[in-house]
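Protein chains in written order, with our numbering: chain A, 1 to 427; chain B, 1 to 191; chain C, 1 to 332.
Everything labelled a hint here was simulated from the structure, so no lab data went into it.
The reader is advised that the hints may include incorrect statements.
The calculated label-pair distances, taken between Cβ atoms and stated as ranges, are [what the hints assert, rightly or not]:
#1 B:Ile-169 to A:Ile-196: 53 to 59 Å
#2 A:Arg-210 to B:Lys-26: 45 to 51 Å
#3 C:Thr-149 to A:Thr-201: 54 to 60 Å
#4 C:Gln-247 to A:Ala-8: 39 to 45 Å
#5 B:Phe-51 to C:Gln-247: 51 to 57 Å
#6 B:His-130 to A:Leu-406: 54 to 60 Å
#7 B:Val-20 to A:Ala-349: 50 to 56 Å
Examples of chain C residues lying across from chain A (beta carbon under 8 Å, computed) [unchecked claim]:
#8 Glu-69
#9 Ala-185
#10 Thr-195
Using N, Cα and C, we set each Cβ at its ideal position, and we do this for glycine too.
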Amino acid sequence: MMTLMLVAMVVLLLLGFPMMIPLIVAALIGFYMMFDGFGQMNTFIQQMMGGIRPAALIAVPMFILAADIMTRGQSASRLINMVMAFIGHIKGGLAVSTATSCTLFGAVSGSTQATVVAVGSPLRPRMLKAGYKDSFTLALIINASDIAFLIPPSIGMIIYGVISGTSIGELFIAGIGPGLLILAMFSAYCIAYAIINKVPTEPKASWKERLTAVQQALWPLGFPVIIVGGIYGGVFSPTEAAAACVLYAVVLEFIVFRSLKLMDIYRIAKSTGLITAVVFILVAVGNGFSWIISFAQIPQAILGGLGINEAGPTGVLIAIAVAFFIACMFVDPIVVILVLTPIFAPAIAGTGLDPVLVGVLITLMVAIGSATPPFGCDIFTAIAIFKRPYWEVIRGTPPFVLMLVLAAALIIIFPQIALFLRDLAFR
Amino acid sequence: MKDDLPAAHRSALPGLLGIVDTAISKTEAVILALGVLLMALNTIANVVGRFVFGESLFFAEEINRILIVMITFAGIGYAARHGRHIRMSALYDALPVEVRRYLMITIAFFTSAVMFFLCWFAIGYIQSVHGTGRVLPALSIPVYLMYLWVPLGFIVTGVQYFMTGVKNILSRDVYLSTHVLDGYEDSEQEV
Amino acid sequence: ACGGDKDTETASATAGAAGQNWRYAHEEFEGDVQDVFAQKFREYIEANSPHTVQVFRFGELGESDDIMEQTQAGILQFVNQSPGFTGSLIPEAQIFFIPYLLPVEDEQIVEFFRSSVAINEMFTELYAEQGLELLTMYPEGEMVVTADTPVRSPEDFRGKNIRTMTNPLLAETYRAFGATPTPLAWGEVYGGLQTNIIQGQENPIFWIQSGGLYEVSPNLIFTGHGQFTTAMMANQAFFNGLSAEDQQLVRDATAHAFDYITEYVPGLGDRMLEKILEASDQVTVTRLTAEERQAFMDRAPQVEARFIEMTGERGAALLEQFKADLEAVVGE
Ligand code: NA
Ligand code: NA
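One chain only, chain A, in its complex shape (with noise of 0.2 Å):
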């Protein structure tokens, strides 16, 4: 039943048949065979309905709307131009700053895609008229944006979170010692590639240049502080900081800057809706279809013989490492966490692993996953935003890809750089 569920799916998906076909032509299969027939093809429906009932879901259209309104508005090209003042002028600063301005963003939206919308679009006209190369530029802006998920907020956690049970606080704060890292490898490779290639550097901004920046961008910092300080502080949960953030955003793009009209609010959210729908759709079959895998103990099946829950913590970690990567080079992460999730949690619970530290090595793969050829979604955000062809938008991603590897490894290695902060917060 698997054999022909898994290779419906890859034919159908490979075609070019819209995402939520597959799924559900696999989770069809696996109902007929399993109850002979379609006499309860009402569960499907039911799960379908069950995928998109988590309060913690709302977040997600709350975060696209609050992005969608800042990008369309002032408040992330003044974000950008504050991180730009301080480090334009470094040896690779443009880069870096390009990073660095992904983690921030990140840090404000929580989505890896709307990441590569909202950076990327400014940013890579600036990094092309510097001198970089273009396929330097869109892996860069494509894999920095993995960052947005591992920072607080982020999407990933918190379905993962939802669906295991674990503390959403403790996987946003054990998110943070990773994110950072990632960041500071991709900056010595910025600088490196900088060097290495001769690429010239803008101008010095002065201090009185720097000063407006940070004047500038000093509304669109509340962001950070609603987001954070709310959390913290006790006045929000996750979902509703995301709200306050497009409330935040409203009042700032339309009273404050006054950039968007009152018409503009019906056009964007507009846009959020479909965004939404498009997304949640795979959700929900997405949900349908791991029940059937579920009911029909396939996994209990499939880990049984590869033995994974006599692997020890270790084997465990790296198992689940390589299967969420490889599968969300092919599938939406957010699918992939949802059915992968529940399928390991048996041998998780097992060797009595720290399911914050699972949270974050899932929350990075799936991050590397989505951003890695053949299939990762990132590049077709990619591809259908700076209207590439997709061997020019993957052609300079394995370095990338290589580090952020390397980051799973040294997590794995040393699970420290996830629960120091946790353990500091929490413990």
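Given chain A, work out where chains B and C with the ligands should sit, using these hints.
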């Protein structure tokens, strides 16, 4: 997220059908936008209620549950109309135009059939939930009402894909939806 | 892997064949009370018949309402759902949220569940209307409140946001107690306590231990206001289709698990409290005196009124029978 959707969508269908189609499209758009804004408002109101009035809105979570079903199932039809469903097009893009057109006809009709198939079971599911009399605990609204969007969304999406299939049979170009031409300049946007 | 599953599926459709595979889902994690109950049930069935039982834990087949619907649809044969969650299906089941209605003393509560007419007759009918054969109800332990400060009176609750499930009657209880009921998804409870969005919550002690809630909400208050009650049932069409022999087998297995769990739960509470006190020296334990309890009990009628408002005459009759059953147990 940057590309704006067309402000108004005029139907590719003739006469009365076209008017109905345009009306459905506009309704979907309004539902999407209102759904998202209401969700933001509802969530913020809960925070305000808790802090200013010392009383949480008990129904806030249930309202968001209703809205998310509404947004998702109004949105899938709208996404089909604008050729915006997420797909993995690497291999597909490498194929010659004529092959792509035949493939798109297959994709459209097959997807359409799957949507109608699911619509049938969605109706069955609603009937069974209706039969149990289950209600949302805080709002005391019957649960099945919240799911009425589901079969509607499947029907609208199924019809859209069916029309896309017809359009590709009639045309020499390849269309992602009834009015979105395949190709990078007009491409669908992955999200 | 699935060829075999399909065969057993067909076998269970033609009841009476040698060995059937029964599916049983509950709402808790591995090793929790409902899981222990399910495993005891499974052991008995598998030791005394050719049948097998597959146990599904929380989330494996969906949430509480999902597994209930799947049981009603006949995909699952057995389900364990707490009446608190059943409230959306059977409003009367919310009676277990009325404070100080059930005794919290161990012997009394077991005797109550064994002898109660309300539970063994009236609830059986309510479940039967939904196509469910109620096999047993059993207590999982006293509800314990945790908060940022010790609480001894309704005045101490003032201004505290206490997390409750999205349930109007439970909310009414905490409102009556003087607190501000605050609905929050369970995934956000630990973080909410940590960051002080909420100042307290209620759960049986084994959840407070396994969820680490005492780390962020260290003051345990034994108010004695409620027992976390749960119900185990079968799909009625499936149950009626069983041979008389198998029906008796199921009832015996249920009784076997019930006997085990009523021994297990009281000790569990003490063990978990011990573990908590070992793990943290910030934890305080407050047990209300009879006098202090009375201040909370005096506020129960407000909740009873709300219950009757929600459930009408049937609810009122049920409440009356509950009180009569309780009288019989406590009076002895
Ligand atoms: Na983030
Ligand atoms: Na990414």
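(request) Check each numbered hint from earlier against the structure, then list the numbers of those it violates in ascending order. (result) none
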